[in-house]
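**Student:** Below, each chain spelled out in residue letters.
2 protein chains.
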Amino acid sequence: MNAEIIAIGSEMLSGERLDTNSLYLTAELNRLGIEVVTKCVIGDDRERLAAQVRQSIGRSAIVILSGGLGPTEDDVTRDAVALALDRKLSYDREIGEWLEQRFAAAKRKMAEVNKRQAFVIQGAQILSNDRGTAPGQWLEESGAVCVLLPGPPHELKAMFERHCLPRIARIAPKQVIRTLFLRVAGMGESDLDQLIAPVYKKYENPVTTILAAAGDIQIHLRARCETEAEADALLAEVGGPIELLLGDRIYSRNGDPLHTVVGQMLQLAGATVSVAESATGGMLGERFTSVPGSSAYFVGGFITYTNEMKVELLGVPPETLAQFGAVSKETAEAMAQGARRRTRSTYALSITGAAGPDPGDQNVPKGTMIVGLSDGAGTISMQRQFLGDRQRLRTFTAQLALDVLRRRISGLL
Amino acid sequence: MNAEIIAIGSEMLSGERLDTNSLYLTAELNRLGIEVVTKCVIGDDRERLAAQVRQSIGRSAIVILSGGLGPTEDDVTRDAVALALDRKLSYDREIGEWLEQRFAAAKRKMAEVNKRQAFVIQGAQILSNDRGTAPGQWLEESGAVCVLLPGPPHELKAMFERHCLPRIARIAPKQVIRTLFLRVAGMGESDLDQLIAPVYKKYENPVTTILAAAGDIQIHLRARCETEAEADALLAEVGGPIELLLGDRIYSRNGDPLHTVVGQMLQLAGATVSVAESATGGMLGERFTSVPGSSAYFVGGFITYTNEMKVELLGVPPETLAQFGAVSKETAEAMAQGARRRTRSTYALSITGAAGPDPGDQNVPKGTMIVGLSDGAGTISMQRQFLGDRQRLRTFTAQLALDVLRRRISGLL
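In order, the protein sequences belong to chains A and B.
Residue numbering for the first sequence follows my numbering, starting at 1142 and increasing by one per position.
Residue numbering for the second sequence follows my numbering, starting at 1142 and increasing by one per position.
Hints in this document: simulated from the structure, not taken from any laboratory.
Every value quoted in this text rests on a predicted model; they were computed, and no experiment measured them.
A pair holds if it fits inside one copy or across any two, identical chains being indistinguishable in the list.
In silico lysine-lysine, PhoX-like type, Cα no more than 25 Å apart, as pairs: (1) K1250 / K1342; (2) K1256 / K1229; (3) K1250 / K1343; (4) K1298 / K1315.
Whole structure, please, built from the sequences with the hints as guidance.
**Tutor:** Okay, here's the thing in structure tokens:
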């Protein structure tokens, strides 16, 4: 069963904005076993939109439109769909009264133009909108379904979930979709793909998707079958060997990002962590504290961007800086020790590195990034040479620091 | 003159990936005065793509396709366009040899499938690819132009810039586009729009676009005229009153983000800054240090997530915390003073606040965020009540801190 998504709005035909509703809609439709075969963006143009709707309904079972249901002249969706299906558009008194009540409740006078939102296409079922003034419409035409949804994402999602998903589930082919979700740290995308492609390439079902960010790779395996047992067996057949190949590089099986996983490990261990950041300037602390409740294990830290601050705030010996330089394992380790000593945390992580724009020298070229870790058992450090722009180098390194701590807590380091 | 953009690739019909090439292409086409009226994403399906190409060429002067030029069976663009235009596809020996040389230079054997990339649609001009193996193609058909570009963004951009922009500029209507670009801090989107809409709503040219992020609003005015003088006059006519209304809330006229602007101001003043972050956990330091060369003015700082750390690392008096609480102007000011004293920076910024998930209490509800600033002239603080989730509250507050410093350096505070 195929679907098409049409986003309406000239603002999404600028160089700045993308239609993102289609991501949500696609994910939901896929879950029901429905493929999205085309999506498009049309400006506020009645004839052009009508032509697209006619074409889409002629070839796909489900056509979902988002946007263009507002009260102004620019909002052409109702008119365009009525035109495409050659149906009448008429004022619905009930919606009109509901709109007037909404405005009255907000102590505002309803403008005459808002009446446009009470127009319904002949034969449509109304989809009520809890979060805005534009009702949706559900239409059926020669075996196909055409749904009009409002553009604002929170209105669209609420309406789709409440009114459309149950209706679509009834007409969708009966099948089960199960997903295996892995997150992996400490590997490049091409190395990972080379390792696991021989396994997943043999299968069209499950579908394997690999999404790579700096130091963080997500692997999705989606199996579609007639029964749960079949889907689970298929995921085990393909996912099992992949999990074996990746081993302890897998840090999450539920989608949680690395800072959340490490936070949970710290909390379970009753341990705390502090940071000492040079090149990342606060990025690691920001990641730890992006998790609600992180005060249970994150105590704080130091941003020591200059050598002077490394000496004064962390007690890094000036001789260490003089002899080995700011970007050295010795400095990283002294930073971690200093942070741990001054915050009395269980673990302290440090980061130093050459993030550019300075190309660096032969010993410390741009991209040399070092992570230090200090705890009751001692102090270790890890040096890497990363590629990329400043922000990418920093992101790689914050991720590496989190992974070093994960491995330490897990007894892998 | 109208254009359409067609992105080819089933991966862009998943719930995870969007086509972003179209943003770049739209911005470039707009600059030449060409409107993008429709864009769509088609999977790796020859017939469906051919139907779309036929339709688009029938109604728009320029049709740009991206993706589907690789060597595999999935890469259907060449075939689909040949089918749509009813033209032959034939092997081009010159491209074939160029491909073989490329592989030889990389000491790899060219696989037989790669020959597919040497097939050219009858009548096409070849667009060479400096960054990959897929050449582009430029076709003309009954007054319309159809361009085939590779999907990887860096290949597409290089090819479009080098081969397509000059060709399109020759056929584009003669006109000049000038843009006025403002960035504004310290205002909500609806307040800003209410203030300036009476000015810009009267004009269809320039086109005004407002993009809002947490505490950061971008306003673009784009004027299209026959001459530069006309465009500049029009921008002055509309932009002048808008600039007057927004006054010193405008912080950038060249697109630079606030942390870059503040960094430039610090550097010009020969001043330095340090930070003391509680609720933002390093976000402010991360923003300062995201700018290459920020070590000229950013010395470092403290992440003091617990009360204990506020006392120990910053010297906040325990009585202040006991009497006023961690989220208070008194604590924020003591934090800024402590950071300045311990780093000897010209300015110190502090942040404390209730970012949730705890709903807080009556005195300090969730969303209460406080910024402190200390310098040679004294210490000030600013309290705000923001709305949103944890990350949005933190983003708002880091932006507020930067804006407080901007105003202080400018003598507005």
